[in-house]
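Could you build all of it, start to finish, from the sequences and the hints given here?
Residue numbers (numbering that gives the first Met the number 0), protein chains in the order written: chain A, 0 to 98; chain B, 0 to 279; chain C, 0 to 630.
Quick caveat, the hints were computed from the structure, so don't treat them as lab data.
Quick caveat, the model's predicted, so the values are computed rather than measured.
Ideal Cβ positions, reconstructed from N, Cα and C, are used throughout, including at glycine.
Take the hints with a grain of salt, since some may be wrong.
One side of the interface only, derived from the structure: several residues of chain C facing chain A at Cβ under 7 Å [claimed, not checked]:
no., residue
1, Gly604
2, Tyr605
3, Ala606
4, Arg607
5, Ala610
6, Met613
7, Phe614
Derived pair list, reagent style DSS-like, types lysine-lysine, alpha-carbon separation capped at 30 Å [to be verified]:
no., chain 1, residue 1, chain 2, residue 2
8, B, Lys238, B, Lys42
9, B, Lys106, C, Lys600
10, B, Lys106, B, Lys42
11, C, Lys443, C, Lys370
12, C, Lys600, B, Lys102
What follows is each chain in one-letter form.
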Amino acid sequence: MNPVNYLYLAALLFTIGATGVLIRRNAIVVFMCIELMLNACNLAFVAFSRMHGNLDGQIIAFFTMVVAAAEVVVGLAIIVSLFRSRHSASVDDASLMKL
Amino acid sequence: MSAQLAAHSTSLAAYSTSTGEAFQFWILGTVAVIGALCTVFMKKAVHSALCLAGTMIILAVFYLANGAYFLGIVQVVVYTGAIMMLFLFVVMLVGVTAADSLKETIKGQRWLALLCGLGFGILLCAGIGNASLSEFNGLAQANSGGNVEGLAALIFTKYVFAFEITGALLITAAVGAMVLTHRERTERAKTQRELAEERVRANKQLPPLPAPGVYARHNAVDIAGLLPDGTPSELTVIKTLRDRGQIRDVSNEAIKDLKALEQRSEERLGREEREEEAAK
Amino acid sequence: MENLIALLVAAPLLGAAVLLCGGRRLDAVGHLIGTALASVSFVIGAILFADMLGKDAEHRAMAQHLFSWIPVEGFQADVAFQLDQLSMTFVLLITGVGSLIHLYSIGYMEHDERRRRFFGYLNLFLAAMLLLVLADNYLLLYVGWEGVGLASYLLIGFWQHKPSAATAAKKAFLVNRVGDMGLSIAIMLMFTTFGTFAFGPVLEATGETGEGKLTAIALMLLLAACGKSAQVPLQSWLGDAMEGPTPVSALIHAATMVTAGVYLIVRSADIFNAAPDAQLVTTVVGAVTLLFGAIVGCAKDDIKKALAGSTMSQIGYMILAAGLGPIGYVFAIMHLVTHGFFKAGLFLGAGSVMHGMNDEVDMRKYGGLRKYMPVTFVTFGLGYLAIIGFPGLSGFFSKDKIIEAAFAKGGTEGWILGSVALLGAAITAYYMTRVMLMTFFGEKRWQPDENGHEPHPHESPRSMTIPMIVLAFGSVFAGGFFSIGDRFVHWLEPVTEHAHGHPPVSATTVTLATMVVLVIGVALAYVQYGRRPVPVVAPRGSVLTRAARRDLLQDDFNHVVLVRGGEHLTRSLVYVDHTLVDGVVNGTAASMGGLSGRLRKLQNGYARSYAVSMFGGAAILIAATLLMRAV
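Okay, here's the thing in structure tokens:
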């Protein structure tokens, strides 16, 4: 098997995640889909690391994880406060950005 | 033994992978894609979270297979262990039983999303197929001093500034999360006496709120108490459950139960009457 | 001596400034100041004239450079004066007649409470007119040109409480603007052609310039002259200008300002000489106006308007002469000077008659006034004899020369122009005799007005009669003085050049013919107005008479062609503006509005919709990257 298949898998997962972001209304699920996209990227980075024979790709994946962790913390805090004020976790309910 | 195994696997990873890894890829890859799809299409957030956790664990296995041992462990510990648990906490907070409707409300959104997704995926795959990926070096050399040591050497030399900045980012995120969720109490908490006086002044619900549940069999907190005429009173359920719409209505059940009880007792009474007649 | 030239302009300018800014405390002496400063200007002119006579003919021109007005690289405009024989003639005419009319106005405007202002305007006019004739370049001439236009406007509308006067002033100003436009275009053409406006360089350079350009410049100058001198087609304002006080009509609209066009053409003689087509047009304009004014003059019952028609006609003679080239320039100026005398005298006489008749202007309500105003009768009569060309008087010499020169033009043109001039002389004799007979002869025809005030004709005060007497002297003797020994020709020759024309018939024949038509004209008028009583209410008259009463339909023509045409043009432009321009503008705005209204729907506030567009954008970016790689 050619290790390039890992990249195809990453692309597939990324696309599924992105489509999920667009389709789902529940903010938590949207957030999970974003995590899925980040993980797909990480898989690609790890695969690249193996291809190039150096560890830089893994470092980037590591940083991605850290950033994802920070993002999850802030994002979930936002969802919680949103739920508190609106009693709903639907992203469509927060549609004040229109004329 | 494990070191030998690792060396063996890495040496094999030069241009092509072992049959075992290929087998593992196709099986686990399929599962990972199914997990991802379930994440997107499950109605309940809890199920989505569990599917995502499964996909992440499979990704951890792939990391290990690709020679990223440290990342594989971190993936399991941090992602699946910590972040997904955080997700579950929030899901519980929002309401674990609440199921989302998957019906689209924005016109054309679903078709646009699918079209974009399909196009994006095809283009991405085309890009990968188009890229010159003939060279495949493997990590044997890079991992020769141990994967964790290699990563550490890079993090604390080449990427030290990025590392420091991620530290600052984490601190900021923690503070931000606190700021976002924290609610400052701007006024003194009301005493019991003041609350009672307020209730009298409002003249809505003078006595304490009624207790939930009806009869001994249904004293659960999510079941509204029945009023004398048999209708449920939502006042008996706490506000959080009311807001979530998680009130179980058992009034019909209770009446059905009552009817069954009466029937049974009538049957028994009838039998007893017959026995009495027989005794006579 | 040269330094005195600026004083010529400065004296009346000072008078204007003092009188117009001085306020009411000068009311008592304003007229004296104005008259004194006009006389100062005349005295200076006389001194300069005496000095000039002392030199030989070729070295008489003087120049004075005051200051650089617009000193810009490649664009040099100076305030500089030039005083040659031509300018000198004008200076003497303007200041002389001007001073006399100032004097006359003292009496005429005695009861007008705004007399000080009137004298201020008169002084302003003198200053502007002197600037016009003394300027040594076209740009400064233009300043004077506009200045006299302004003074004319202010003076025609002096009795601004009368709507007719206000309208007449506006009309004069507007019609003059057309001519002014011609002058400004001519000056611009000169600048692009010659790079300068100074008379000397411009006129010297005419020899090396193409005829087309010179024709264009000359035609523009002619347009300017038409506007200022009330020549066809810009003649319509002069009749209405008679709404102004009579001294104004005498000074500005008879003797001086209206002759500025003739001055302009004679001054630009070299340009016209090099553009024969423009000269032909000039003669045609002159000939047409000559007849036009004369016919209008025959039909008017308003004494001032009859004289205005006469003025138009006489200036037509001058323009005709100026268009003839070197054979006519001198005679144009000579006729201009003699006309200045007798026409100013006639107007002052008319003013005197009006003064005695409670400002009545209708000649049908005069009659037999010779008994009541003997001085006016005699001076007016002398002016009358002069204008019809009675042998020995001024008009005889100057007009006769013009008719001769017209014949001398040669060929068919010469015959036509000469005949027109002769015909004009006959009509002149007719309408002037008519004026004379209706005013001073016959029975008295005035009646009490609606308030029961019957006019009591009386002779005017001394301050009015003296100028009339002086001007009558000029009317009688000027022509003879100028002509005997060809004095005037020799005087002007260094400036305008002079060529002796050779008429196809002898000069004596022309003179005889003139005499014959003169007698015919007088006789006709006598038969019509002297032998029969003049009806107080004007008879309906023939078609020509009625048309002439309406100024030969000039206003109707202007109304139909210019006003209506302008209105239609404006309306169509408004329509185009509303439909096309506004349509494009509003259409653009509306389509943008509609487009944004549609685009606004994309802004539905749903984060997911925005995310789709981002995702789509990312897909497009990848596609673009792949395409670039593929290429």
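Hint by hint, here is what the structure shows:
1. Gly604: holds, 3 Å
2. Tyr605: Hint on C/Tyr605: holds, closest Cβ of chain A at ~5 Å, below 7 Å.
3. Ala606: Interface hint status for C/Ala606: holds (5 Å vs cutoff 7 Å).
4. Arg607: holds, 6 Å
5. Ala610: OK, holds: C/Ala610 within 7 Å of chain A, min 6 Å.
6. Met613: Status violated, d = 10 Å.
7. Phe614: Status holds, d = 6 Å.
8. B/Lys238 to B/Lys42: Holds. B/Lys238 to B/Lys42 sits at ~25 Å (cutoff 30 Å).
9. B/Lys106 to C/Lys600: holds, 12 Å
10. B/Lys106 to B/Lys42: holds, 20 Å
11. C/Lys443 to C/Lys370: With a Cα-Cα distance of about 10 Å, the restraint between C/Lys443 and C/Lys370 holds, given a limit of 30 Å.
12. C/Lys600 to B/Lys102: Roughly 21 Å between the alpha carbons, so the hint for C/Lys600 and B/Lys102 holds.
When the structure is compared with the earlier hints, a violation turns up for hint 6 alone.
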